[in-house]
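**Student:** Note that the protein sequences, when read in sequence, are chains A and B.
Read in order, the letters of the first sequence correspond to residues 1 to 357 in our numbering.
Read in order, the letters of the second sequence correspond to residues 358 to 679 in our numbering.
Since the hints were made in silico from the structure, they are not lab data.
Keep in mind that this is a model prediction, so the values were computed, not measured.
Note that CB positions come from ideal geometry on N, CA and C, so glycine has one too.
Where hints are given, some of them may not hold.
[Said to hold, decoys possible] Selected chain A positions facing chain B (in silico; Cβ < 7 Å): (1) 119; (2) 134; (3) 170; (4) 177; (5) 296; (6) 336.
[What the hints assert, rightly or not] Label pairs and their in silico Cβ distance ranges: (7) 311(A) - 409(B): 28 to 38 Å; (8) 51(A) - 416(B): 54 to 64 Å; (9) 650(B) - 202(A): 42 to 52 Å; (10) 349(A) - 542(B): 35 to 45 Å.
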Amino acid sequence: MPRETVAEFAVEEVQVLSEDETVDEELLPDLSDDELLEMYESMKRSRRLDERAISLQRRGELGTYAPAIGQEAAQVGSAYALADDDWVVPSFREGPALLVHGTPPEQMLQYALGMEEGAEIPGGTGALPPAIPVGSQPLHAVGIGWGEALQDRDNVAVTYFGDGATSEGDVYEALNFAGVYDAQTVFLCQNNQYAISTRIEKQTQAETLAQKAVAAGIEGIRVDGNDVLGVYRVAREAIRKARNGEPVLIEALTYRRSMHTTSDDPSAYREDEESEAWEARDPIVRLQVFLEDRGILDQELEEDIDERVEEEIADAIDAARAANEALDPADMFRHVYDEMPPELERQFEAFGGEADE
Amino acid sequence: MSDGERLRMIEAVRETLRAELERDDDVVVYGEDVGRAGGVFRATQGLAEEFDDRVFDAPVAEAGIVGVGVGLAATGLRPVPEIQFQSFLYQGFHQLAQHVARMRSRTRGTVSCPMTIRTPYGGGIHALELHSESFEAGFAHVPGLQVVVPASPAETAGLLRSAIRDPDPVVFMEPTRLYRAAGESVPDDHEVPLGEARVVQPGDDVTVVAWGSMLKETLEAVEDVDGSVEVVDPRTLYPMDTATIVESVRKTGRCAVVHEAPKTSGLAGEIFARVNEEAFYHLEAPMERVTGYDVPVPMFAREDAYVPDAARIAEGIERTLE
Chain A
1 MPRETVAEFA VEEVQVLSED ETVDEELLPD LSDDELLEMY ESMKRSRRLD
51 ERAISLQRRG ELGTYAPAIG QEAAQVGSAY ALADDDWVVP SFREGPALLV
101 HGTPPEQMLQ YALGMEEGAE IPGGTGALPP AIPVGSQPLH AVGIGWGEAL
151 QDRDNVAVTY FGDGATSEGD VYEALNFAGV YDAQTVFLCQ NNQYAISTRI
201 EKQTQAETLA QKAVAAGIEG IRVDGNDVLG VYRVAREAIR KARNGEPVLI
251 EALTYRRSMH TTSDDPSAYR EDEESEAWEA RDPIVRLQVF LEDRGILDQE
301 LEEDIDERVE EEIADAIDAA RAANEALDPA DMFRHVYDEM PPELERQFEA
351 FGGEADE
Chain B
358 MSDGERLRMI EAVRETLRAE LERDDDVVVY GEDVGRAGGV FRATQGLAEE
408 FDDRVFDAPV AEAGIVGVGV GLAATGLRPV PEIQFQSFLY QGFHQLAQHV
458 ARMRSRTRGT VSCPMTIRTP YGGGIHALEL HSESFEAGFA HVPGLQVVVP
508 ASPAETAGLL RSAIRDPDPV VFMEPTRLYR AAGESVPDDH EVPLGEARVV
558 QPGDDVTVVA WGSMLKETLE AVEDVDGSVE VVDPRTLYPM DTATIVESVR
608 KTGRCAVVHE APKTSGLAGE IFARVNEEAF YHLEAPMERV TGYDVPVPMF
658 AREDAYVPDA ARIAEGIERT LE
């Protein structure tokens with residue numbers, strides 16, 4: 001037999017709202033003015049929370065914090081396409097998505113204050129806690145997507161991870177399991193160009209990350225991750241397919257504008273020109289100009305939103321501080337097992353803990 | 358299964374899985390080759406035919422098998438995955454330690470992981486490299502996990518049933534070499550609570566703690582020992598029933614621990630520490646450990662020299678009686 005091509009593939013990329021503010025009217029999702037404003041406000045809320053958290057960390061109040069500045073569109077656009085009963089399975093940089101899906105800012109601050117309270121599953125929402133190991137959580141999303149299917153429910157799980165995670169074996173295992181089990185799962189890879197300091201070119205020689213889906217036999221698609229309307233459109237379509245047992249990998253091409261975490265200094269590994277070029281593609285500004293052009297947003301409304309967000313976050317900071325002051329250290333013994341084993345109970349008592357009741 | 362039927366250990370695993378699948382729609386069994394092939398040891402034979410919506414073959418990916426279970430559990434199911442051999446659970450150990458074990462504590466009970474990870478362990482079947490390890494101490498060192506090792510068919514049925522019904526994760530280590538040993542009568546719906554040791558044989562002169570395949574060797578060994586030996590099987594290695602062991606040592610004044618895992622940082626050291634904390638003044642002789650050596654488990658040409666046998670165990674016990 002002569003040599004033949006037995007498989008070929010292509011990767012599509014979607015953009016609705018371009019960098020020069022032209023709009024692809026045909027791809028424009030059907031969203032009301034209120035919904036568009038809600039997306040805008042969500043991105044603002046997340047940005048402000050990150051800014052405040054960074055400064056609190058600098059003052060020594062918070063622990064290490066991983067801001068998502070620059071990635072708001074990729075997360076808000078995708079999370080906005082979820083139903084309330086769907087699941088978010090995040091990494092540790094998923095503030096925007098979690099806020100949209102119902103985690104209160106106060107809880108995120110508690111997590112940053114080193115409190116397990118911040119990782120509690122918020123009442124009524126399906127959100128797993130942040131996953132600190134890189135790339136371990138997509139498997140959980142596959143388990144959820146498969147488990148929902150086994151129980152004849154159509155809820156989906158959207159899992160978030162970065163470009164660096166695609167080098168982890170678990171991510172490939174997850175994509176592969178999802179295909180095998182028709183899991184109701186969407187993989188949202190935010191290609192923000194850097195895994196801490198390692199550029200995407202050092203991470204993989206693959207031309208796109210979306211094509212990682214090809215090896216697992218599932219669909220892969222790329223979207224401009226700074227275009228919230230494009231992300232929403234692609235995510236909505238992927239979620240619709242996932243409800244039907246067809247998992248999808250989305251690569252959202254974006255840029256982490258700030259640091260990997262507050263313990264890292266990106267100026268050591270990034271050029272100013274690059275950061276400036278991406279600043280011009282800021283996802284919030286892009287939606288803002290679109291909304292202004294359409295007469296949906298004006299300066300007065302903008303100020304209202306900013307003020308509301310500011311107050312909300314100030315309140316959340318106060319509440320998180322208060323919760324932190326009321327912290328009971330003995331609590332660390334309480335939730336390790338459903339029932340405290342005798343040896344642990346001895347340690348708990350030696351610690352000075354008192355049995356409940 | 359009819360009441361009191363005699364089953365071998367592998368059959369006890371299968372019948373318990375069958376009964377639990379029957380009883381609880383949330384139980385999901387999956388793993389490499391567990392479907393049509395019925396598992397490498399045939400522990401799941403026939404289950405896929407009977408429960409085709411809840412027994413599945415899995416891709417060959419142990420991290421995947423363990424990690425997917427976290428998600429299944431989050432949706433309300435009770436995953437019971439099989440890892441073909443315990444050494445391959447090392448490929449999923451990060452999922453076990455980073456997520457399965459911690460889910461309850463880090464979410465303060467809002468998400469838990471009621472998962473039973475079954476895996477054959479230990480030597481004695483002339484298998485390949487990395488098919489004969491006993492890493493129970495490693496699993497027991499991870500807070501949030503429970504580690505269970507049965508030693509007979511009835512114990513297997515009783516402990517596996519409790520493990521599957523337990524709200525927290527269990528690493529359920531089945532001694533491979535006992536899978537096809539003599540059958541034993543297994544009562545229907547038999548339950549053995551987790552965290553409770555069993556005094557297998559009462560005695561007055563020395564307490565010997567042994568579990569899994571070493572329990573059988575130990576019971577053979579004590580027949581040759583000149584003295585009255587009390588044999589205790591902890592059954593659950595975490596949480597361990599310290600009270601039963603300590604009570605026994607207070608009575609006998611002597612203690613030996615037998616395990617096939619390497620000596621250093623093995624669970625014998627942990628048991629000694631607990632005896633030391635609670636029964637030091639009752640001890641009449643130094644405690645003894647009879648264990649595997651601090652070497653990689655050798656391939657089968659040398660395996661018999663590695664795994665403690667009745668003669669080595671008897672010598673160890675006798676040293677405590679001198």
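**Student:** If a hint holds in the structure, say so; if it doesn't, say that too.
**Tutor:** Consistency of the hints with the structure:
1. Satisfaction of the interface hint for residue 119(A) is found here, the shortest Cβ-Cβ separation to chain B being roughly 5 Å, below the 7 Å cut-off.
2. Proximity of residue 134(A) to chain B is violated relative to the hint, the smallest CB-CB distance being about 11 Å (cut-off 7 Å).
3. Checking residue 170(A) against chain B: minimum C-beta separation of about 5 Å stays under 7 Å; hint holds.
4. For residue 177(A), the interface hint holds, since its Cβ comes within 7 Å of a Cβ in chain B; the closest pair sits about 5 Å apart.
5. With 7 Å as the threshold, the beta carbon of residue 296(A) stays out of range of chain B, its nearest partner Cβ sitting at about 38 Å, so the hint is violated.
6. Here the hint on residue 336(A) is kept, as its CB sits about 5 Å from the closest CB of chain B, short of 7 Å.
7. Hint check: residue 311(A) to residue 409(B), Cβ distance near 56 Å, so the stated range 28 to 38 Å is violated.
8. At about 43 Å, the CB distance of residue 51(A) to residue 416(B) disagrees with the hint of 54 to 64 Å.
9. A hinted range of 42 to 52 Å holds for the C-beta pair residue 650(B) and residue 202(A), which are about 43 Å apart.
10. Checked against the hint of 35 to 45 Å, the C-beta distance between residue 349(A) and residue 542(B) comes to roughly 41 Å, which is consistent with it.
Checked against the numbered hints listed earlier, the structure breaks hints 2, 5, 7, 8; every other hint is satisfied.
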